[in-house]
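Colleague: Here's the letter readout for the chains.
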Amino acid sequence: MSSFIKVNNLDVQYSRGRRSLFEKEEFFKAVDNVNLSINKGKIVGLVGESGSGKSTLGRALLGAKEFHHGSIHYNFEEGSIDLSNLSKKNLRDFRSKVQLIFQDPYNSLSPRMTVRDIIAEPLEALGMTKSKSETDNRVIEIAQKCQLNINHLNRFPHSFSGGQRQRISIARSLVAQPEFIVADESVAALDVSIQAGILQLLKSIQNEMGLTIMFISHDLSVISNFCDEVAVMYLGKIVEYAPKNEIFLKPKHPYTQALLNAVPSINPHKKNIQKTLEGEIPSIYDRPQGCVFQSRCSKVTDQCRQNEPSLKKFHNHEVACINLDD
Amino acid sequence: MTLVKIENLKIHFDTDEGQLLALDDVSFNVDQGEILGIAGESGSGKSITAKSLMQLNDENAIYDQNSKVLYENQNLLEFDDEKMIPYRGKIFSMVFQEPMASFAPAIRIGDQMIEQLQIHEQLSDEAARQRSIEALTSVGIPNAKNLIDQYSYEFSGGMRQRAMIAMALSTNPKLLIADEPTTALDVTIQAQIINLIKKEVQNRNMGVIFITHDLALLAQTADRILIMYMGKIVESGTVFQVLTNPQHPYTKALIESSPNIENFQKKLLPIGGEVPLLKDRPQGCVFQNRCSQFINNKCDKDSPLIKEIEDNHFISCHLHHE
Numbered sequence: 001m002s003s004f005i006k007v008n009n010l011d012v013q014y015s016r017g018r019r020s021l022f023e024k025e026e027f028f029k030a031v032d033n034v035n036l037s038i039n040k041g042k043i044v045g046l047v048g049e050s051g052s053g054k055s056t057l058g059r060a061l062l063g064a065k066e067f068h069h070g071s072i073h074y075n076f077e078e079g080s081i082d083l084s085n086l087s088k089k090n091l092r093d094f095r096s097k098v099q100l101i102f103q104d105p106y107n108s109l110s111p112r113m114t115v116r117d118i119i120a121e122p123l124e125a126l127g128m129t130k131s132k133s134e135t136d137n138r139v140i141e142i143a144q145k146c147q148l149n150i151n152h153l154n155r156f157p158h159s160f161s162g163g164q165r166q167r168i169s170i171a172r173s174l175v176a177q178p179e180f181i182v183a184d185e186s187v188a189a190l191d192v193s194i195q196a197g198i199l200q201l202l203k204s205i206q207n208e209m210g211l212t213i214m215f216i217s218h219d220l221s222v223i224s225n226f227c228d229e230v231a232v233m234y235l236g237k238i239v240e241y242a243p244k245n246e247i248f249l250k251p252k253h254p255y256t257q258a259l260l261n262a263v264p265s266i267n268p269h270k271k272n273i274q275k276t277l278e279g280e281i282p283s284i285y286d287r288p289q290g291c292v293f294q295s296r297c298s299k300v301t302d303q304c305r306q307n308e309p310s311l312k313k314f315h316n317h318e319v320a321c322i323n324l325d326d
Numbered sequence: 327m328t329l330v331k332i333e334n335l336k337i338h339f340d341t342d343e344g345q346l347l348a349l350d351d352v353s354f355n356v357d358q359g360e361i362l363g364i365a366g367e368s369g370s371g372k373s374i375t376a377k378s379l380m381q382l383n384d385e386n387a388i389y390d391q392n393s394k395v396l397y398e399n400q401n402l403l404e405f406d407d408e409k410m411i412p413y414r415g416k417i418f419s420m421v422f423q424e425p426m427a428s429f430a431p432a433i434r435i436g437d438q439m440i441e442q443l444q445i446h447e448q449l450s451d452e453a454a455r456q457r458s459i460e461a462l463t464s465v466g467i468p469n470a471k472n473l474i475d476q477y478s479y480e481f482s483g484g485m486r487q488r489a490m491i492a493m494a495l496s497t498n499p500k501l502l503i504a505d506e507p508t509t510a511l512d513v514t515i516q517a518q519i520i521n522l523i524k525k526e527v528q529n530r531n532m533g534v535i536f537i538t539h540d541l542a543l544l545a546q547t548a549d550r551i552l553i554m555y556m557g558k559i560v561e562s563g564t565v566f567q568v569l570t571n572p573q574h575p576y577t578k579a580l581i582e583s584s585p586n587i588e589n590f591q592k593k594l595l596p597i598g599g600e601v602p603l604l605k606d607r608p609q610g611c612v613f614q615n616r617c618s619q620f621i622n623n624k625c626d627k628d629s630p631l632i633k634e635i636e637d638n639h640f641i642s643c644h645l646h647h648e
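Sequences listed follow chains H and C, in order.
So for the first sequence, the working numbering puts the first residue at 1; every next one is plus one.
So for the second sequence, the working numbering puts the first residue at 327; every next one is plus one.
Just so you know, not all the hints are guaranteed correct.
Using 35 angstroms as the maximum straight-line C-alpha spacing, the simulated DSBU-like pairs for lysine-lysine come out as follows [as the list claims (entries may be wrong)]:
| id | chain 1 | residue 1 | chain 2 | residue 2 |
| --- | --- | --- | --- | --- |
| 1 | C | Lys578 | H | Lys42 |
| 2 | C | Lys524 | H | Lys250 |
| 3 | H | Lys40 | H | Lys250 |
| 4 | H | Lys275 | C | Lys592 |
| 5 | H | Lys270 | H | Lys244 |
| 6 | C | Lys578 | H | Lys270 |
| 7 | C | Lys633 | C | Lys331 |
| 8 | H | Lys271 | C | Lys416 |
| 9 | H | Lys271 | C | Lys524 |
| 10 | H | Lys203 | C | Lys593 |
| 11 | H | Lys313 | C | Lys524 |
| 12 | H | Lys270 | C | Lys592 |
| 13 | H | Lys271 | C | Lys377 |
| 14 | C | Lys592 | H | Lys250 |
| 15 | C | Lys524 | H | Lys275 |
| 16 | C | Lys331 | H | Lys270 |
| 17 | H | Lys271 | C | Lys593 |
| 18 | C | Lys524 | C | Lys377 |
| 19 | C | Lys524 | C | Lys633 |
| 20 | H | Lys6 | C | Lys592 |
| 21 | H | Lys40 | C | Lys593 |
If you're looking for bench data, these hints aren't it; they were derived computationally from the structure.
Required output: the full structure, derived from the provided sequences and hints.
Modeller: Written out as structure tokens, the structure reads:
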């Protein structure tokens, strides 16, 4: 079976501007040579520290950030789309099939629009409905699915709590019936008791609609609970990609291991965060030669400083490290 | 030995909607060398409690007459701004959640540290600068001699939080109040900061009030925990009592809803409903509308009293008042 999304050798660059008029514009890579394939109906967690390129990768997948090298290929039900050569018409089709759920339910909803209008906007913008009553029906249907009170659809966002606002965001993202969703830190701003409800909702809708989700988060406990597969990013590279159980029970990459060691355990009898990673993620401007993780890795060798490891199949994992042993 | 004792702390906020009760009869103490964790969701009153110690709440806060914040047998709530100066940065010190917002962006980090030192102690510029450099070095900032002249935006998030802690510790406080000190940080940096705070507590024998919404973080740091909900302490005890043998339905529900990396197959159970607004504070138990063990005609009538169910383990719930 061919995968739903196939990313090959993807580079995404940002401009750093030029130092003076006479010098060339400088670029740096936020996403560096990423290869990734995602199967249909999976929830893929994307985890890493700030500055690792998680959000940039997510945006590139949505066609919201242009990329400079490599390819992104989608196999939608109605045919496949290659993001590197999209016509205007195809772009419109593509936009209806992918959606983003934002982090902050306070800033991502227009305060001047009613909830009904917020949810209906994608349908109207993409011209997916023929009449107002059809739009209303679609809005009501998705609002019910997202457990919103449909009698409150004419209210404005300010009269809703954080959890309810995130339900509105989700309804807006799903109303055009996309096949792929990028959820970028979508529960990070919520209290745990509310967060659990939103995760439950996302999971049940994902099941029902057969959605594929890329779930970007820095919170490993949430990822461990919610996702099927996990990709770990560091300085623009995916360093490990494996099914959830493998990542959390048998992490292979030294960075994945260090990340897991830093997550506090809720069991007070088990003091676990003493052995922690030192230093910080290097600036993206001074990407080192060789392995990106060398400056903080406990197993670093001379080899690591010279050769850049690529993702290799290792048991059920894909790992980018040259020092793997069983 | 008890360092600070809070007794019957009760605060109303004077708003357009009337006087709203925000803290209701909060009593606890912090010992020397102890990390006291305060946990609860947004709006539970954690930060208001902490700010009361330094009288840093907004001007519309009205403290109840019987409320006391006792330090060395004096009630700090009776002090005016002048008398409070030593308790704002010297005897009590605070680390805030957002290090970017808590440093002035246009003043060098060093100058901010020196200013604070000179307010509280008679120090020459040179001596204050030296103390600041030492403080920065002790929290693991390399090359502090040069970095002290930088601005906060030139620091990474982790460095900024270290500098914040260095600044808070430079006056040798007796009590450190840390309000969500790692919430904005990555897990690896969070672990570094936590280990730093724990080390300093041991070295200095100071007390710490550690405020967070993350129970796992408290499991790894705190000696005792208070669980707050709508301005009340609903459960308190040692970290082991509260987290491994929780008794209040809210504490239990909070643990049930928290994802756990060691048990990732666990089904998360959200707590139904939402925290009521302050103006809709219910009669009786504050948790009644979300509680799975709600007792009709009891929980909606009487406010439960605080009861000690085992040594030093307190809860406030009708289920334990037979």
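Colleague: Hint by hint, which ones does the structure fall short of?
Modeller: Going through the list in order, the structure violates hint 11 alone and respects the others.
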